[in-house]
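Protein chains in written order, with the numbering used here: chain A, 1 to 771; chain B, 1001 to 1294.
Hints should not be assumed to be uniformly reliable.
Stated by the list, open to error - Over 12 angstroms on every C-beta distance to chain B, these chain A residues come out as not near it, computed from the model:
| id | residue |
| --- | --- |
| 1 | Asp-231 |
| 2 | Asn-427 |
| 3 | Asp-642 |
| 4 | Ser-752 |
What the hints assert, rightly or not - Here chain A is said to cover these stretches of chain B; the calculated rule only asks that three of the stretch's residues, wherever they fall, bring their Cβ under 8 angstroms from a Cβ of chain A:
| id | segment |
| --- | --- |
| 5 | 1087-1096 |
| 6 | 1200-1207 |
The hints are simulated quantities; they were obtained by calculation from the structure and are not laboratory data. We put the CB at the ideal spot given by N, CA and C, even for glycine.
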Amino acid sequence: MRIVGTSINRVDGVKKVTGALKYVDDIKFHGMLYVAVKRSPYPHARILEVDTKGAEALEGVKAVITGQDVPNRAGLYLEDKTFLATDKVRYKGEAVAAVAAETKEIAEAALAYIRVDYEELPAVTNAVEGLKSEAPLVHPDLGQYKWGPIFFPEPGTNISNHYKIRKGDIEKGFEEADYIVENSFYVPHIQHCPIENHSAIAQMDADGSITLWASCQSPYAVRKALSVAFDLPLNKLRVISPAVGGGFGGKAGTTLEGIVIPLAKKTKGRPVKLTYSREDEFVNSFVRQGMHATIKTGIRKDGKISAVKNTFIWDGGAYTEYGVNIVRAGGYASTGPYDIPNVWTDSICVYTNHPVGGPYRGFGMSEIHFAIEQNIDMLAEKIGMSPIEIRKINGLRPGGKNATGQIVDVCGLQECLEDVAKHIDFNRKESGSQPHKVRGKGIACGYKAPSMPNDVASSAIIKMNEDGSFHLLVSAQDIGQGSDTVLIQMAAEALSIPPQKITIKTGDTDYTPYEWQTVASRITYCAGNAVLKACEDIKEQLLELAQLRLGVSKRDLVLKDEYVVSKIIPGKGVAMKELALGLSMADGSGIHGPIIGRGAFIPPNVRNTDKQTGQGEKPVAFWTYGCQGVEIEVDIETGKIDVLKVASCFDVGKVINPKLVEGQVEGGIVQGLGSALFEELILENGIAKNPSFVDYKIPTADDMPEMIINFVENPEETGPYGARGVGEPCMVPAAPAIANAVYDAIGIRMNSLPITAEKVLKALKEKSSVL
Amino acid sequence: MNGTVKKRKAGVDGVKNFEYYKPKSLEEARELLLKYGEEASILNGGTDLIVRIHDGLSHPKAVIDIKGIEGLSEITYDEVDGLTIGACVTLNQMGENPVLLEKFRVLAEAGHTVGSCQVRNRATMAGNIANASPLADTATPLLALDAMVKVFGEEGETEVSIHDFFVWVRKTCLQVGDIVTGIRIPNYGSIEGIYQKHTRRNEVDLATVCATVIKIDGEVHIALGSVAPTPIRARKTEAFLKGKVLTEEVIEEAIEMVLGEIAPIGDIRASKDYREEIVKVLIRRGLRELIAAM
Chain A
1 MRIVGTSINR
11 VDGVKKVTGA
21 LKYVDDIKFH
31 GMLYVAVKRS
41 PYPHARILEV
51 DTKGAEALEG
61 VKAVITGQDV
71 PNRAGLYLED
81 KTFLATDKVR
91 YKGEAVAAVA
101 AETKEIAEAA
111 LAYIRVDYEE
121 LPAVTNAVEG
131 LKSEAPLVHP
141 DLGQYKWGPI
151 FFPEPGTNIS
161 NHYKIRKGDI
171 EKGFEEADYI
181 VENSFYVPHI
191 QHCPIENHSA
201 IAQMDADGSI
211 TLWASCQSPY
221 AVRKALSVAF
231 DLPLNKLRVI
241 SPAVGGGFGG
251 KAGTTLEGIV
261 IPLAKKTKGR
271 PVKLTYSRED
281 EFVNSFVRQG
291 MHATIKTGIR
301 KDGKISAVKN
311 TFIWDGGAYT
321 EYGVNIVRAG
331 GYASTGPYDI
341 PNVWTDSICV
351 YTNHPVGGPY
361 RGFGMSEIHF
371 AIEQNIDMLA
381 EKIGMSPIEI
391 RKINGLRPGG
401 KNATGQIVDV
411 CGLQECLEDV
421 AKHIDFNRKE
431 SGSQPHKVRG
441 KGIACGYKAP
451 SMPNDVASSA
461 IIKMNEDGSF
471 HLLVSAQDIG
481 QGSDTVLIQM
491 AAEALSIPPQ
501 KITIKTGDTD
511 YTPYEWQTVA
521 SRITYCAGNA
531 VLKACEDIKE
541 QLLELAQLRL
551 GVSKRDLVLK
561 DEYVVSKIIP
571 GKGVAMKELA
581 LGLSMADGSG
591 IHGPIIGRGA
601 FIPPNVRNTD
611 KQTGQGEKPV
621 AFWTYGCQGV
631 EIEVDIETGK
641 IDVLKVASCF
651 DVGKVINPKL
661 VEGQVEGGIV
671 QGLGSALFEE
681 LILENGIAKN
691 PSFVDYKIPT
701 ADDMPEMIIN
711 FVENPEETGP
721 YGARGVGEPC
731 MVPAAPAIAN
741 AVYDAIGIRM
751 NSLPITAEKV
761 LKALKEKSSV
771 L
Chain B
1001 MNGTVKKRKA
1011 GVDGVKNFEY
1021 YKPKSLEEAR
1031 ELLLKYGEEA
1041 SILNGGTDLI
1051 VRIHDGLSHP
1061 KAVIDIKGIE
1071 GLSEITYDEV
1081 DGLTIGACVT
1091 LNQMGENPVL
1101 LEKFRVLAEA
1111 GHTVGSCQVR
1121 NRATMAGNIA
1131 NASPLADTAT
1141 PLLALDAMVK
1151 VFGEEGETEV
1161 SIHDFFVWVR
1171 KTCLQVGDIV
1181 TGIRIPNYGS
1191 IEGIYQKHTR
1201 RNEVDLATVC
1211 ATVIKIDGEV
1221 HIALGSVAPT
1231 PIRARKTEAF
1241 LKGKVLTEEV
1251 IEEAIEMVLG
1261 EIAPIGDIRA
1271 SKDYREEIVK
1281 VLIRRGLREL
1291 IAAM
């Protein structure tokens, strides 16, 4: 291969670094109106009355909406939300009314003229408490909502999904164990913090159709959710995602889009824009769900884990339309990448009066692995085994069985483990750089599958131009991960043309073909397969025409360097561009017409698991396995942790673009580092205490460790060129590896994130007072 | 809605509307400040004021930009008066000044930890102290260096000791109409020691605790931030250390003494206990640095 596997530059790079790329908030229309949103001051309250007359009477105010304007429930997996609150508010910050006005200032000032009367209700501010029978119900009408067949809400409770794994015989497994250990962990809410805030503009045409410009990862999923919410036929709703400045899951579903559309319907053709502030991002877009984990494990003296019982209680927030699937993923992946014969898992999504939990890079895997990977180290210590050895013994291998009973086909976990142990020099103890500093090393494995419905679809269109250049049309969105570039690379390879000859167009539901969503580390795999199929389609057409032109059987023809050439007769061939509009015959007639390839893809043979046991032969499209090791230094006087070095190795099947995939992994490591050391959306009585970068810290350039990034390439049989996704998996082991390194350095288990300096110092003091 | 109905205007007194003035002289600026009284805010670098207006914490009717006034953007030095830093000198300009770097390095170091590089391109030391945050990064070196704040007020240009300048959280001794025109640091024979700032994240963060521990012409000066309603000097500890050789025993005694001079609070950044622990560490490290410097 000449193009796949090389580090061509990002095709969107120049536009991004020069600032030429236009994001949604850069778009300005004549006559555009600006939106401000009236939000709930309470975590849980009944809305008694909303009086908008005062705001409507203001000069410059063009429309005001309340929940009564958007009564339909919508949601991706469980239709539990309305875009503005109707009967109740369920988190502090929930939209109650919205104003469109001539200027942002007028819109904001108008909010003071909207009167909302509330009756405060007791709130659920802890997921574990929310499970109790006496807990207030966040969604008393849950039983009337619609949901997908793979989810298990329990109406009459706060449980919106209860996913179970029942594998083997759990009691027998514990009986076989020499030791039984139980450990608990907590992962707090965090936020994605993309560099670009959410932004959306809606405009209604004279015929009633709506155009929406939104910074979104998934234009088609957004179109579908909005069509349900607003009773709009899909051909009357166009969603354009011009560019996305970072998503990390936060722009996967719908958030503010549902606010601008009803306003646009009331403003007679004037475009209506809403851009979130950074403070809105923290509370009013998605957050990563909090999670309480308890893991009870049975282990034999020889290191083999015989049984594991997991309870994962997820703090789903006010609406779990998306979150229920995170909980499902956390359930079917609940053993981590280990072969454990007896498994019992309850993964439970609980409604709380917290900000809305939603997709966040890792989709549950970072949360469960923080618990699983520390638990593995604790088990190793219990039986006097090294963290490497216990992972070698229990880690998945081809032929092994995962939590769902699926037989593992391809799995480079053991190779990744070896590579990382070597590069972090795991067994070598280093001394601190100063007397008050100590070093530690930690390792963690991780795995992830694309968490999506079984039959999600992708498509691609590739059009040949008269000069032999191409337009590739997809709705896979480049959200920074580099999909524009790798999809071009794959098409260029398939068609044997230079990548510069392909221009990619994305994100317009009227013009680019269907893509389920840009999520789940699935684009290289799913959209890549669709692109390859579209290229196959083009190739078939070109060979058909070339066979007529050249008089050579098409099975002896091949695409090579922009020509269709004979495999047998040297020099016999035709330039592909000559066939772009079809074939001109000797008598002046023509046949076929323009060359357009179409490709469609659904991951093959992915089937539902058993409802009672969660067991199934192929519950996901593929698994991505990997490992990370870290070296840290702890200041034992202040508790401050510096991450010095990270070694990473993932089995990606096939590296399509080395530079881009390294960048992906670096980003994953650093995002994991942030979640490990700094990040927590602090919620007190349902109220976020740090919704800004003043007191919510993410890593800066100064926090970057040395990173050694390697890959293993065991091809994915169904993947394009053997590739599988790694965008999310590469974040998963980072935080637990750091936690394990903390233990190695100071002998203290940090059971909750983030591992702040203050927590470390407090634990050190407690430890020394015990000794 | 009916087009014939006369609509009310929203935001006539909008929270973010204000008159902007850019006077050319101190006199003109003072006149404007007196005219608007409590409803005027001075705009210098703007890195605090604009954020406060944006967040709805400040609602000035008039914003008086002092950057158009001549003579406020210079750094001057002479052996008699010492170093004078004009009110409009940015923190990044300070960080590039050779005299500051050579003779008053501790101040340059502290200034370099304020905000981000972009913030320091606009922010000034005068603004940093006039904001009177208990954790202002430049406050502790100024306290330790016995700086003088130059104020243009009722009696023309006068000097106020930095020790009288901070009154309470976000409150200085400045009266309505007063304008800080610069900060003067007296000349000293020798200054040794360091500024330390403990933060949650290494860069672009507010101090959990900050401290300047220096020796000026043989005398130890200790100043701390984020441990009391204003940045403070640890006078009792300094008196205790006077004339003593800095041994480990003396240092440990000094640390205990410092704890008696502070009153930290617990907040979202750190608990009271943690602040006290960090104070101990910073004082110990600061004093040890002085031993090393000898």
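Now the hints, each set against the structure:
1. Asp-231: With a cut-off of 12 angstroms, Asp-231(A) remains clear of chain B, as the shortest Cβ separation is near 25 angstroms.
2. Asn-427: Correct as stated: the minimum Cβ-Cβ distance to chain B is 30 angstroms, above 12 angstroms.
3. Asp-642: Violated: least Cβ distance 8 angstroms, not greater than 12 angstroms.
4. Ser-752: Correct as stated: the minimum Cβ-Cβ distance to chain B is 16 angstroms, above 12 angstroms.
5. 1087-1096: violated (count 0)
6. 1200-1207: n = 7 at 8 angstroms, threshold three: holds.
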